[in-house]
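Read off the chains here:
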Amino acid sequence: MMRVLAIALVAALVLVGASLDTSAQSDAPPIKIGYAISRTGPFAPGAQATQEPSYILWAEQVNAAGGLNVKGQKRKIELVSYDDRSEVETIVRTFEKLMVTDKVDLILPPWGSTANFAVAPLADKHGYPVLAPTALSMKLVDMKLPNFFSMLPQPYVLMAAAADMLAANGVKTVAVIYMDDVFGLENIAAFEPAVKAKGIEIVDKKSYPLGIKDLSPVLRAIKDKNPDAFVGLTYPPDTILASKQSKEIGFNPKVFFTAVGTAFPLYKQVMGADSDGVSGIGSWSVKTSPAAKAYFDAHVKRFQKEPDRWASAHCWAGLQILQAAIEKVGMDRKAIREYIASNEHATIIGPVRFKGSEIQFPGTVGQWVGGDFEVVWPANRATAKLVVPKPAWK
Amino acid sequence: MARRGLAAVAGGAAVAAALPWLLDDFLVSLALSCLMYVALATSWAMFSGATRYVSLGTSAFFGLGAYVSAWTVAAAPWPVVIAGGALIAAAFAGLAGLAILHLRGTYFAVLTFGMSELTRHAVTYGEKQYAGTVGRVLTVAPSSRTVYLTVLAIAVAAVGVAVVVRGSRFGLALIGIGADEQRAQTLGVPTRRVKVAGFALSAAFAGAAGAAMAVRWTYIDPTAVFNPFIGLQTVLIAIVGGPLSLTGPLLAALVFSLLAEFLRLQFPYAYLIALGILLIVAVLYLPQGLAGLWQTRARAERPTAAR
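First to last, the sequence lines map onto chains Y and G. For the first sequence, numbering that gives the first Met the number 0 gives the first residue as 0, with consecutive numbering after it. For the second sequence, numbering that gives the first Met the number 0 gives the first residue as 0, with consecutive numbering after it.
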């Protein structure tokens, strides 16, 4: 009896040992990917709507598939992430920690232009390539940092597309408001020559400070001038403010265009049926491709919230590019940078390549059509037909 | 007292100056953060602690310094940039002080807060009108080691000046104003001049710190550099440390910066709550700030020693 027990015990030990042994063989060290992003502070709503969910989803999907294929080895992803408190100094310090102290293999960018301005030179200095989905400034592109890639088309591309769309729909006059910050100013600088080239007259042009609580005086003055189109180069809170107050004063031009935030699921939650016919910056929808639909569904399933219809997909595309680069050339950051810079990449927003830091991607216009946000311009990217004139506020 | 204090400051500074050669970039950045708040909290306490004119305007001076840096860093030598930040902030504080230093208590605090909002909007407007931009890119930047040593020098200067001021007629006048302004005036203290000078002197350090820190961020805009949080945090540190003491704000700046970073990295979702609770406890049970801990003990020990 004792002997049987002893044999059984030895057998069990051998089995356990063997299983440990095999798992040790198949488990290559994980790839450490670090980032700091805003979970608290003023950047947090944008960062949590557009960026961090995609990072988490990507790592989970890759790990569920056994990891990334690096030179014949399957390696899982280990995310090392911190809250940056929406403070530039904290962002700089945390990325120094990631790159110098933690020595992560790769980094993912923070949210927003200001944060990327601070991180891009630092990452370049330490030789870490960055694919930034929420950095929108020609000044950043003009710094010509070899390791920095912007996933969004720049203001002159976006505004040219908007001007094309307005002209093609018989708009002769436009009123524009813009925010006093780098986004608003760079976009208005691009917008003015773009519409003038199309023979559209700007009948009113007003700027407003960040965090404004009342736009109705500005909107009333615009309403009196009765322009064909309204363009708001706005951020999410003012996008919603401008929409709500336009409805209140009964201002309903042929084209109603607001910039950032129009493509957020939040916009429809707040505006309800009034969202119908509102245009804005957006570049994809579930109808863009089956891959885009798969991303959308996975995002909703994992986080019970929809990705936004602009930069979310550009963020995901950046992760796809990074993944392809790792699986192609391995973990050498110089080689990854070369691969990103010199190839065309298949992504959920279509094939893209880079010219310097700039993504080669057309400007697009989106619109809420029949309860969903669709791409409506240019025609070859459209997932729905543009509705002009905009239906009345409900 | 002053001599021993200065010796301790010199010793601490020598250790801090060696850090960039001993520690990695991240830890040096952390030390830099500590030093920035040492400079801000010490210079704040020098004026506001002594006179009890609670100023929430630190972020205005810090932001002005940052903009001076953005305007001049590509053209001027680095020490001139820092001195420029200090001078512009001091000049602005002097002018503002002439206008608002006759108000006391809450009114003064609220006005200084309004002043930093006003400065933010004025800079935004000016930049938009005359430069056609709001944010500024700082492509020419000194090395991070230079920035660190600069902020260290500013912090040392702040502590050194605070030590000297405490022992001077000027410092006594500031404390006199804090104790009873009318009495100080009756006794022949030119209160208005002393207040304006003290306010401007303390603003100079915030301006210099802003000028030095801005180059780390590559891009600055009014929302980032006129962040009211910088002013509030400075006041909190000085109050937790003990605004009337010299060592209190200094140590509180170190403790607070390290603790905030530790909590942020280790407990990302609980750190603000933990920080808030700690602050409440500090204010409730340490009315004299951290400095109260050793000051009361010293007071308690003294009679025993005499006996």
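Hint data in this document are derived by calculation from the structure and do not stem from the laboratory. Some hints could be false.
[Stated by the list, open to error] Calculated pairs, BS3-like style, for lysine-lysine (alpha carbon to alpha carbon, straight line, at most 25 angstroms):
#, chain 1, residue 1, chain 2, residue 2
1, Y, K246, Y, K171
2, Y, K292, G, K127
3, Y, K143, Y, K204
4, Y, K300, G, K127
5, Y, K333, G, K127
6, G, K127, Y, K70
7, G, K127, Y, K205
**Message:** Run the distance test for K333(Y) versus K127(G): straight-line Cα separation, threshold 25 angstroms.
**Reply:** This hinted pair is violated, its Cα atoms lying about 40 angstroms apart.
**Request:** Mind checking the alpha carbons of K127(G) and K70(Y) for me, to see if they're no more than 25 angstroms apart?
**Result:** violated, 52 angstroms
**Prompt:** Is K246(Y) close enough to K171(Y), meaning Cα to Cα at most 25 angstroms?
**Reply:** holds, 22 angstroms
**Message:** Holds or violated: K143(Y) and K204(Y), Cα atoms, limit 25 angstroms.
**Reply:** violated, 32 angstroms
**Hinted pair K292(Y) and K127(G), Cα distance within 25 angstroms** = violated, 42 angstroms
**Asked** Does the alpha-carbon distance linking K300(Y) and K127(G) stay inside the 25 angstroms limit?
**Response** Violated, at about 45 angstroms.
**Asked** Is it true that the CA of K127(G) sits at most 25 angstroms from the CA of K205(Y)?
**Response** holds, 12 angstroms
Comparing the model with each earlier hint shows violations of hints 2, 3, 4, 5, 6; every other hint is respected.
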